[in-house]
Each structure stands twice: as structure tokens, then as C-alpha cells.
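*Asks:* Using the supplied hints, reconstruct the complex from the two chains, each of which is provided in its own coordinate frame.
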Amino acid sequence: MSSGTIIFLVLVVGVTVMGFLASGWGKANLQQFDEWALGGRRFGTLVSWFLLGGDLYTAYTFIAVPALVYGAGALGFFAVPYATIAYPVVFIVLARFWTVAKKRGYITSADFVRDRYGDRTLEVAIAVTGVIAALPYIALQLIGMKTVFSQIGGAFGAGGGFAALGVAFVVLAAYTYTSGLRAPAMIAFVKDALIYITVIAAIVVIPAALGGWGHVFASVQAALAARPAAAGAARAGILLSPGMYFAYATMAFGSCLSLFIYPHSITSLLAAKSRFVIQRNAALLPSYSLLLGFLALLGFCAIAAGIATNDPNAIVPLLFAKYFPDWFAGVANAAIVIGALVPAAIMAIGAANLLASNVFKEFSAQRPPGETRIAKMLTLVVCACALVFVVELPVQYAITLQLLGGAWMLQIFPAFALGLYTRWFHPTALLLGWCAGMLTGSGMAYATFLASGKFAPVFPLQLGSLKLVGFIALYALIANLAVATLATLGFGAANAGKGTDGTTAQDYAT
Amino acid sequence: MKRRAWYWLLIAPFAATLWPPFYNHADPALYGLPFFYWYQLLWVVLTSLLLWFVLLMTRERTDV
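Keeping their order, the protein sequence lines are chains W and L.
All residue numbers for the first sequence refer to this note's numbering, where the first residue is 1 and numbers rise by one.
All residue numbers for the second sequence refer to this note's numbering, where the first residue is 1 and numbers rise by one.
The following block holds chain L by itself, in its conformation from the complex (with noise of 0.2 angstroms):
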């Protein structure tokens, strides 16, 4: 069960794009994109990085 703690580390994506003031800038600019827009498409991934983290750190031996 100690290693539910790891699920704490999912309140970054929240975090991170549920402040609107941190990121609503137009630099720096990716390949055109304002940075508004590619923060948030990066943490799209980030998420995912951080969910497959999550889940590798908590399976259990008998999941399949």
C-alpha cells in the first residue's frame, strides 16, 4: 500500500496547467507556435511520461 504515495505526483499536470497567468505568453515561440500553446501540448506528454512512471512504480506482480 506505501506505494500509493507515488500517486501524489499526479497533482503536477494540475498544477502546471490550472494557472492560466503562468503560461499565457507568446514567447518564447517553438517552430512559430506560441509558447501558450506548445506549454500545454508538452504536458500532454508529460502527462503520459508521468502516468507510465506512476503505473511502473506501483504494479503489482500479479497485474497482466
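So that you can see chain W by itself, here it is in the shape it has in the complex (with noise of 0.2 angstroms):
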């Protein structure tokens, strides 16, 4: 066995140990809701500061973003920006989510919506969304985490990576099962610690063997110019052609909208001790985005670096066996499976939170401790899919829902963070709003498919003589407002009743 596999080996099994024994952190009751689901909701600046870096910049972000600079040049670095603006949405809406959520004791965005409106159709509609949008996103967790048992071969690569990856999901489900969102929490240490030194290490090294950053400029722009282009394509290159700046600023507007509403950031943020640990952390929290600002920039240097692949997603693994010892190309490795393993709990808890509180329970008459008992089963469960989805379907076809689940998501934002303003919207309204959203998106994703051969996050809107190349995700936000606030005033017209309101003024109080 190499110095490499080695350390990988026992960075996994050291942090695995880690996960089982989270369930001791605090003496807490675990039959709590609460305390599985939310770690109790104590969690202070530090431990929220590492579990939502941990949670929000996952494996596959740190594969899939350089990736994307590697094939498609400037427009790739939008992760940046909408890394940047999603905070100040973080520090004014989540920490407002935050203190409703704290007094009238949510644990999800589906608990909220169904206060606030008094509308159970639409509570379902909001959970359901949550869970399908999770989904492929633990499953690219999965397949990021193949990836590099693949790559390190030996016992690991055995079936393609399969095997280990088995053994990776029962160890997951299991520390999930036992100690809940604690267990990530504390695995999150590790991850982010690991992430921050290879990072670091790559800054610092790999374009400095490249003779620094303008000669790594210099040689990405001579090999983009080089490649061939696609038919109608924009040429990738090292700034935006101007037929790409729509695009740039709604895919960044677009995702810094969603970020925050899907259900693993919901269950990190809801964990925190107060209102104020939030919006501390909002402050915080972009030293991840610079990492990933710099990470981004790595997909240049592969170019530089003269590294050439039919699969984008192995460059970072790549340039790190190119540049590194073995011994710290384990380190990397271990970041990447333990970068993996962490948002994929959170994940499958947020999941299975939805499915307990907001899709289960309104067909039962359970009540806690069964919903506990029931959350924890259902982690099993969305894990087993998780798992069931990697091994029965190609990756192409995680990685499409996974962006449809983006669009998705942003579907809920009108019920959800403007209910979170105004309660003039009637629920009704919102849900039809909601359907015009899911279907403006994915039909608009469906005919990118049918022109190219394959799903696109953008879409091309012809309006008169003007082409605007802009974020799917977007264009179906704009559809479903628009069928909301037509759809309200009409009900206002009819005199039609707005349904309950759970919520006063002053669970909004700080």
C-alpha cells in the first residue's frame, strides 16, 4: 500500500470513528426531534461557521467548478459571484427565517409555509420539491466520492469503485441513523481543515510551477482560441463575449436565490443558537468562497498545464497527482471522500426531515417521539435512493436533475422567503404559481435538450428582436410570480377567503 492510500485510509476511518461518537457531543436526548434533527439548535458562531462551510461548499462544487472553467472559460467563474451576493440574502432573510422558526419551533421551510398559509396542498407541494431537488444532489456527493476510489485503485477500485462506495454508504447511513445532524457537525472540523491546506497547497504551488499567473493566462487564452468551436457556440475564453453577459448575471442572481432554500442549508442554518450566530456568520462565511474563487481558477491551470481529459471532473484529481507526493495526493483524496461525506448527511437528514414533518405526518397520526423514530428511517431510506440512483443510472443523468432540481427549488422561494414578508399572496394562488414555475422550467430545460442533444442551464428567450440568453431557473421564478400576483388579484376580486395565518407580527420580532 502507498504512503498515500495510506493516510487516505485513515483520514476516512478516523472521522467514521468521529461520526459514531458524535452522538455522545452535549449528553443530549437523541429521541428528540430537535436534538437528531437540529442538534438542539445550539450550535454557536464556530461549529455553525464549520458545519455550513462543510454543508454549502461540497466535494462536487470543488470538482465541478473548476470543471466548468476548464471547458467553458470565463462564464465558469459565475460561481463566484453568486457565492458573494448570497450572503447579504443569508444575513437579511435566512436570519428572519431563523427567529420565526426559533419561536414557533420549525424545523423545516414546509413547517413554516404551512402556518403561514394554513394550506396543507401547499405545505406537500413545498416538501416534495425540497426532497426531489436533494436527491440527485446526494447522488453527485456519491459520485464524487467514485471518483476518486476509482483513481486510487487497488481494493478501492474494485468494480469500478462500487464496492468501496457501498461500504462508504453503510458507515453514512449509519452514523446519520445514531447521531444525527451531530454528526456531521463534528466530521465538519476535519473536512473544512483538510479542504483549506490542499487548497492552499494548490494556490500556492501549481501556478507558480506554471511560471505565475500571466503566463498561465497567456497560455489558456493561445489553447481556448486553439479549440475548435462549436456551430452558433460562443467561444470559450478568458473574459465574457458580450452575448454571454445576461447569462453570467442571472445564472449568479438566479443560484444566490436558491442557495439558501434548499433543504441542507435550511437544517444547518436552523441549528444555530440564535439569530445573531447567523448573521455573524453571514459575515464569515465568503473566506469559503475565495477558496472556491481560487479553486475555480485551477481549471485554468489544468488548461496551462496541458492536462487533457474526456472527463472535466477528474482535472482537480489530476493536477494534484501531477504536482503533489503521493503522500499528500492522500491528503487531497481524503478531503474530496470526507468533503463528500459531510453535505451528504446533512442532506439526507433535510430530506428526511421534509418527508417526516411535512409529507408523512399529514397522513398519520404519529406524533413525536413516533416522528423521530420515523425521520430516522426515512435518512435510511433517501440514503438507499441516493445510493440506487448512482449504481442503476449514468452519471449524465445525475448531473441533469441535479441542475432541473435547481430550477425546481427556486419554485418555492415566492411561498416560502417572500411569506416570509407579506402574507398577501393567497395560497392558492401560490401553489398555481408554483406549477407554472415547475413546468416554465422544465420545459424550457426540455427544449434545450431537443436543439442540442443535451440540458442546459440556460435558455435562449426571444422577445421581438431581441435574443436574452438567460438562467432557466430565473425565467421560471418570473412565470410563477406572475401566475401568483394574477392569480391573488383574482381571488381578491372574488371575494375568496385568504385561509389562516399561524403567525403574528411579533414572531418576526427580533
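No wet-lab data here; the hints were simulated from the structure.
Be careful, since some hints might not be right.
[Claimed, not checked] Derived CB-CB ranges, DEER-like:
(1) W:R423 <-> L:V45: 31 to 41 angstroms
(2) W:G211 <-> L:M57: 37 to 47 angstroms
(3) L:M57 <-> W:F20: 35 to 45 angstroms
(4) L:L9 <-> W:P325: 44 to 54 angstroms
(5) L:D27 <-> W:G166: 46 to 56 angstroms
(6) W:A447 <-> L:P21: 24 to 34 angstroms
Every value quoted in this text rests on a predicted model; they were computed, and no experiment measured them.
Here a beta-carbon is modelled for each residue, glycine too, at the ideal position from N, C-alpha and C.
*Replies:* Rendered as C-alpha cells:
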């Protein structure tokens, strides 16, 4: 066994033990739903910083963003403004959500929607959207792990990495079941430390080895200009072509609105012990975005280093293998695998919370402590679904579904985020808007598939003589809002009752 | 409640990053990084500082 493999094994086994030990953290009764699902809402600034960083900046992000820059040039850098402007949204909107959730005891976004609008159908729609969006996301984490396993080879690579993945899956499900949110919170310390060490080393070593950034960009410019351009498509470059401006801005803006309404983000945010902890983290978390920005630039380093591969997702592991000694490549590989385990666990918990509190409970008489038992069982089911997903379906399906999932997720924005500020919308109108948004998003994505043979995140909208290539999720949100607004006006004109509101102004006050 | 007026400052990062023609240039480069890249990385840091500032101006005595 090589030194890299030994280091890799020690780190991964070490965090697994931590995951199980986490159940004893804080001596809590894990039969209580709050304790299992949200760590008792007791996490302070430091734990929340590691947990949220470990949750939002997933292993897949760290592989996919450099891959996107490698393939699409400057356009792939949209992840940086996205990961910047997301934080003012957290600071204002999510801090408000934390306040009302704490006062009213919510575990999920759908809990709030049920209470605010008194509408069970809307609640189930919100919950199901979250679960559907979370599943392919978990599958992508597993795919990230599989890439590393097959790269390491030996016993890990057996069966194309599936054997090792099966073991990783069982371990993930077992400690999530036992320790709840405390497991990823504890492991996140190791994950984030490893990611910081790896990325900082890469940023110091790799550009220097390539002769500095000036040299990297000069050779990238030459290499991109020499690439054969696809017919009709804008050429990838180190700067945007004017036709990409709208796509770049709408992708950054649309993604920033949806990031924090994903179930795993909500779960980590609600685990904070105060509103202040969330706001302080909104100011501290951009440090991860800086890391992400430099990682994105590694995509250019890969081009300058002459790394050629059919699988752009492999460029980060390939760069590490090329520029680092074997033992450090082991650290980097462990960072990716542990980096996938943390968000996968939180996503499974977030999806299970939605199913247990907002779907399952609506159809059964079960009340706590039955709720915790159900959520724990559902975590296993969610993990199993994600594994079947990865084993049975081609990788492209998970990527496509994750893309569609992003467009779908944003459709709960009017009911959830706008609902935090106004009760103006009629609940049925929100449901109609949600349908319109889901259909528009799916339809536009399918149209890109018909046009080019694969699903794209952007759609060319023809407005008279103006062609606007923009982010599908945002177009769908506009359709959603238009329908919800018109329907609300319609219901108002018909004097339809607006349903009940379980919250009061006092619940939102700090 | 008047303190919430500081929240309006947080429009700045959106205005600065959502209009690409404004920063889509190679020059001036910094340590070999084209302006496009270091400008957006700079806004990551500026946004963080801005959030700290707004936090200080709006925090309540009771916040922990």
C-alpha cells in the first residue's frame, strides 16, 4: 500500500469513528426531534461556521466548478459572484426565518408555509420539491467519492469503485441514523481543515510551477483560441463575450436566491443557537467563497498544464497527482471523500425531516416521539435511493436532474421567502404559481435538450428582435410570480377567503 | 428599528457584480490575474467587510 493510500485510509476511518462518537456530544436525548435533526439548536458561531461551510461548499462543488472553468472559460466563474451575493440574502432573509422558526418550533421550510398559509396542499408541494431537489444532489456527492475511489485503485477501485462506495454508504447511513446532525457537524471540522490545507497548497504550488498567473493566462488564451468552436456557440475565453453577459448575471442572481432554500441549507441554519450567530456567519462564510474562487482558477491551471481528459470532473485529482507527492495526494483524496460525506449526511437529514414532518405526518396520526423514529428510518431510505440512483443510472442523469432540481427548488421562493415578509399572496395562487414555475422550468430545459441533444442551464428567450440567453430557473421564477400575482388579484376580486395565518407580527420581531 | 436602514448598504455587492460589462476587462491586471478575476475576488472580501459593518451598526445589546 502506498503512503498516500495509508494516509487516506487513516483519515477516512478516523472521521467515521468521530461520526459515531458525536452521538455523545452535549449529552442530549436523541429521541427528541430537535436534538436529532437540528443538534438541539445550540450551535454557536464556530460550530456553525464549520457546519455551514462543510455543507454548502460540497466536494462536488470543488470538482465541478474548476471543471466548468476548464470547459467554458470565464463563464464558469459565475460561481464567485453567486457565492458572494448569497450572503446578504442570508444576513437579511434567513436571519428572519431563523427568528420565526425558533419562536414557532419549525424544523423545515414547509413547516413555516403550513403555519403561515394554513394550506396542506401547498405544504406538501413545498416539501416534495425539496426532497426531489435533494436526491440528485446526494447522488452527486456519491459520484464524487466514486471518482476518487477508482482513481486510488487497488481494493478501492474494485468493481469501478462501487464496492468502496457501498461501504462508504453503509457507514454514512449508520452514523447519520445514530447521531443525527451532530455527526456531520463534528466531521465538518476535519473536512474544512483538510479542504483549506489542500486548496491553499494548490494555490501556492501549482501557479508557481506554471510560471505565475500571467503565464497561465497567456497560455490559456492561446489554448482556448485553438479549440474548435461548436457551431453557433460563443467561444470560451478568459473574458466573457457580450452575448454571455445576461447568462452570467442571471445565473449568479438566480443561484444566490435558491442556495439557501435547499433543505440542507435550512437544516444547518436552523441548528444555530441565535439569529446573531447566523448574521455573524454571513460575514464570515465568504472566506469559503474566496477559496472557491481560487479553486475555479485551477481550471485554467489545468489547461495551462496541458491536462487533457474526456472527463473534466477528473481535472482536480489529476492536477494533484501531477504536482504533489503521493502522501499529499492522499490528503487531497481524503478531503474530497470526507468533503462529500458531510453534505451527503446533512442532505439526507434535511430530506428526511421534510418527509417526516410535512409529508408522512399529514397522512398519519403519529406524533413525537414517533416523528424522530420515522425521520431516522427515512434517512436510511433517502440514502438508499441516492445509492440506487448512482448504481443504476448513468452519471449524466444525476447531473441533469441536479440542474433541473435547481430550477425546481427556486419555485418555492414566493411561498417561502416572500412569505416571510408578506401574507398578500393567496395560498392557492401560490400553488398555481408553483405549478407554472415547475412547468416553465422543465419545459425550457427540455427545449434545450431538443435543440442541442443535452440539457443546458440557460435558455435563449426571444423577445421580439432581442434574444436573451438567461438562466432557466430565473425565467421559471418570473412565470411563477406572474401567475401567483394575477391569481391573487383574481381571488381578491372574487372575495375568496385567504385562509388562516398561524403567525403574528410578534413572531418575526427580533 | 431605524437601524435597519443600514441594510440598504447591502445592495452594493449586487450592483457591483451583476453588471458584467463593467468589469469584463483584462486590464489592469494584478499579479498576472486579469481585472475580471481579481475584481470579483475583491468583492468577496468587500462583501464580508460590509456585512461585518452592518452587523455592528444593527446589533442589539441582547445579541449573543
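*Asks:* Tell me, which hint numbers fail for this structure?
*Replies:* No hint contradicted; all consistent.
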